[in-house]
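Start from chain L and add chain X according to the hints.
Number of protein chains: 2
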Amino acid sequence: MTKPVILVTNDDGIMAPGIRNLIHFMMPLGEVVVVAPDKPQSGTGHAVTTSNPLRLERILKDYPPLEYSCSGTPVDCVKIAVNKILKRKPDLIVSGINHGSNSSINVIYSGTMSAAIEGAMENIPSIGFSLLDFSFDADFVSAKKYVISIAKNVLKHGLPKGTCLNVNIPAVKENELKGVKVCRQARANWEENFDHRQDPSGKDYYWLTGEFKLHENNNETDEWALSKNYISVVPVQFDFTAHKVIPEIKSWNFNA
Amino acid sequence: MTKPVILVTNDDGIMAPGIRNLIHFMMPLGEVVVVAPDKPQSGTGHAVTTSNPLRLERILKDYPPLEYSCSGTPVDCVKIAVNKILKRKPDLIVSGINHGSNSSINVIYSGTMSAAIEGAMENIPSIGFSLLDFSFDADFVSAKKYVISIAKNVLKHGLPKGTCLNVNIPAVKENELKGVKVCRQARANWEENFDHRQDPSGKDYYWLTGEFKLHENNNETDEWALSKNYISVVPVQFDFTAHKVIPEIKSWNFNA
Numbered sequence: 013m014t015k016p017v018i019l020v021t022n023d024d025g026i027m028a029p030g031i032r033n034l035i036h037f038m039m040p041l042g043e044v045v046v047v048a049p050d051k052p053q054s055g056t057g058h059a060v061t062t063s064n065p066l067r068l069e070r071i072l073k074d075y076p077p078l079e080y081s082c083s084g085t086p087v088d089c090v091k092i093a094v095n096k097i098l099k100r101k102p103d104l105i106v107s108g109i110n111h112g113s114n115s116s117i118n119v120i121y122s123g124t125m126s127a128a129i130e131g132a133m134e135n136i137p138s139i140g141f142s143l144l145d146f147s148f149d150a151d152f153v154s155a156k157k158y159v160i161s162i163a164k165n166v167l168k169h170g171l172p173k174g175t176c177l178n179v180n181i182p183a184v185k186e187n188e189l190k191g192v193k194v195c196r197q198a199r200a201n202w203e204e205n206f207d208h209r210q211d212p213s214g215k216d217y218y219w220l221t222g223e224f225k226l227h228e229n230n231n232e233t234d235e236w237a238l239s240k241n242y243i244s245v246v247p248v249q250f251d252f253t254a255h256k257v258i259p260e261i262k263s264w265n266f267n268a
Numbered sequence: 013m014t015k016p017v018i019l020v021t022n023d024d025g026i027m028a029p030g031i032r033n034l035i036h037f038m039m040p041l042g043e044v045v046v047v048a049p050d051k052p053q054s055g056t057g058h059a060v061t062t063s064n065p066l067r068l069e070r071i072l073k074d075y076p077p078l079e080y081s082c083s084g085t086p087v088d089c090v091k092i093a094v095n096k097i098l099k100r101k102p103d104l105i106v107s108g109i110n111h112g113s114n115s116s117i118n119v120i121y122s123g124t125m126s127a128a129i130e131g132a133m134e135n136i137p138s139i140g141f142s143l144l145d146f147s148f149d150a151d152f153v154s155a156k157k158y159v160i161s162i163a164k165n166v167l168k169h170g171l172p173k174g175t176c177l178n179v180n181i182p183a184v185k186e187n188e189l190k191g192v193k194v195c196r197q198a199r200a201n202w203e204e205n206f207d208h209r210q211d212p213s214g215k216d217y218y219w220l221t222g223e224f225k226l227h228e229n230n231n232e233t234d235e236w237a238l239s240k241n242y243i244s245v246v247p248v249q250f251d252f253t254a255h256k257v258i259p260e261i262k263s264w265n266f267n268a
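Here the protein sequences come in this chain order: L and X. Numbering (this note's numbering) for the first sequence: 13 to 268. Numbering (this note's numbering) for the second sequence: 13 to 268.
Hints may be right or wrong, so weigh each one.
It does not matter which identical chain is meant; a pair holds if it fits inside one copy or across any two.
With a Cα cut of at most 30 Å, we get these calculated BS3-like pairs of lysine-lysine [unchecked claim]:
#1 Lys-256 - Lys-101
#2 Lys-262 - Lys-101
#3 Lys-256 - Lys-173
#4 Lys-190 - Lys-256
#5 Lys-225 - Lys-262
#6 Lys-101 - Lys-51
#7 Lys-193 - Lys-173
Quick caveat, the hints were computed from the structure, so don't treat them as lab data.
The following block holds chain L by itself, in its conformation from the complex (with noise of 0.2 Å):
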C-alpha cells in the first residue's frame, strides 16, 4: 500500500510553531509536503492572488519533508501545491495549526479556513486546525493525540463531498481536554472599535480593533462545547445559498 500524501498549509507563515507542530504530527502518518505562505496572512479570508505573480522557494532539499515557501495567500497555497507541484492529488489537506481561534463568525475571516474550504472545492478531504491562544509560544502539544485522531478518522472515512472540517482546540493542558464533540457555528459577532490615532505629520489612521460579542449559549454549538473544554469538530461548506430563503425572496414583485 502507498503512503498517503498529506498537504501541510496555514496562514501565519511557513515558521510558525503552529505549521511546525502540525508537520512533526503528520508525518508518521503519510508522505508529508508542506506548501505554505512565506510571512503571516492571517485574516485573508479566502483571497487569491491574480494582480502579482507568485514566488516559491524551496526549503530544505536534502531532507524530509518536501517544503515550499509561497508569496501568496494560504489559498494560493493550495491552488500551486495542487496543481503544480504535487504529482498526484493528496489524500489530505490541514491547514493549521493557527495560533488563535477561528471558531464560530471567525471562520469567514480566517485564512487558515480558506486553505481547508478551498481544499474542499478541488474534492480533497481537508481540515483546519486553530488553537485557542495568539502566542508565538502556544503549547500545541497538548492536543497532539486528537490532532492525529481527527486526521486518522478523516484519512480513514474521507469527508462527505463539498466539506471540509473547522477543528478548534482550547487552550488547556492535555488531562484538562475532555474529547472531541462534533458541532454548529455559534451565532456570534465582531463589535469594532477604530481607534484613531495621528501619525507624526498630523494625518489621522485607524486601527482595526473589536470585541467578540456571542449571542447564544446553545450546547450545539462550538462556542459552548470550546468554554467546556472540548475540542469542537464543525462541518463546513462553501455553498453560502441560504436554500430556506428562496421562497420568500421569490414572492417579491421586480416590476414595480
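Just chain X now, with coordinates in the frame of chain L:
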C-alpha cells in the same frame, strides 16, 4: 419621513465605472454615503486589515454624496463606515456594480460579496451587484431599472436575518434582459493553470490562471438563469455549517 441611508461600496476601487453608475442609481432612493477602496481589491475574499492601520480620504467636500476612499479591503470599508463614519446604521448597503461575474462559486473569492456579507453580519440589509463584463467601459446602464427595483424591494421588505443578496447581471442590451430569477448557487469550480515564467534575472514566477468548470445545468441555478439572459438573485448566508453532515461525523471514533 426621513430618507433611507444607503452605503455604497465595491471591490474595484472608488473610481471604477461600476460604482460610479451604482451611486447615480441609488441617489434618488435615499441619502447616499460612499466608502470604497482607494485601489482595486478584486479577489480579496473576506479579508480584513489588522496588521496595518487604515487611512480615509474625504473626496468632494462640497457636493453630495459624502464620499470617502479607504486604504483597506471592502470588508474594512463596511466596518469603518458603519462604526466610524455614519451617524446611524444604514438602511441598505449596496456593493458593486462589479466588473465581472460573482455567480456560482465565485461568491467565495469575491470582495464585492464580502462587503455585502459583512453588512448582513452587522444586521444591515445588503446586496452585491455584478455585471458579467470585465471591461472598463462595460454597459452598466442596461440593467438600471432592475438594480433599482431590487434595491427598492430590499428597502421595503428587508432581508431575513443572516442573509444578503448576490445579484448577477448578464452583459446584454436592455431589451434582451428577460427579468429576475431567484435561484441557488450552481455547483462549479475553477481548474487552475499556472503560467510559469522567468524574470530577467532567471528566477521563476507563476501567474495564476484558470478555467471555470460548471458541473450542472439545473434550471434552479444562477448559471442557468444567466445563460438565459435573466438577472440572477441568490440569497447568501454566513452560517457555513454543513448541518446535514453533523450526524455522520458524530458517528466517528475519536479515541481510536
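Evaluation of the provided hints:
no.	hint	verdict
1	Lys-256 - Lys-101	between (35 Å within a copy, 26 Å between copies)
2	Lys-262 - Lys-101	between (41 Å within a copy, 27 Å between copies)
3	Lys-256 - Lys-173	both (21 Å within a copy, 12 Å between copies)
4	Lys-190 - Lys-256	between (35 Å within a copy, 25 Å between copies)
5	Lys-225 - Lys-262	between (33 Å within a copy, 28 Å between copies)
6	Lys-101 - Lys-51	within (25 Å within a copy, 36 Å between copies)
7	Lys-193 - Lys-173	both (21 Å within a copy, 27 Å between copies)
Taken one by one, the earlier hints all hold for this structure without exception.
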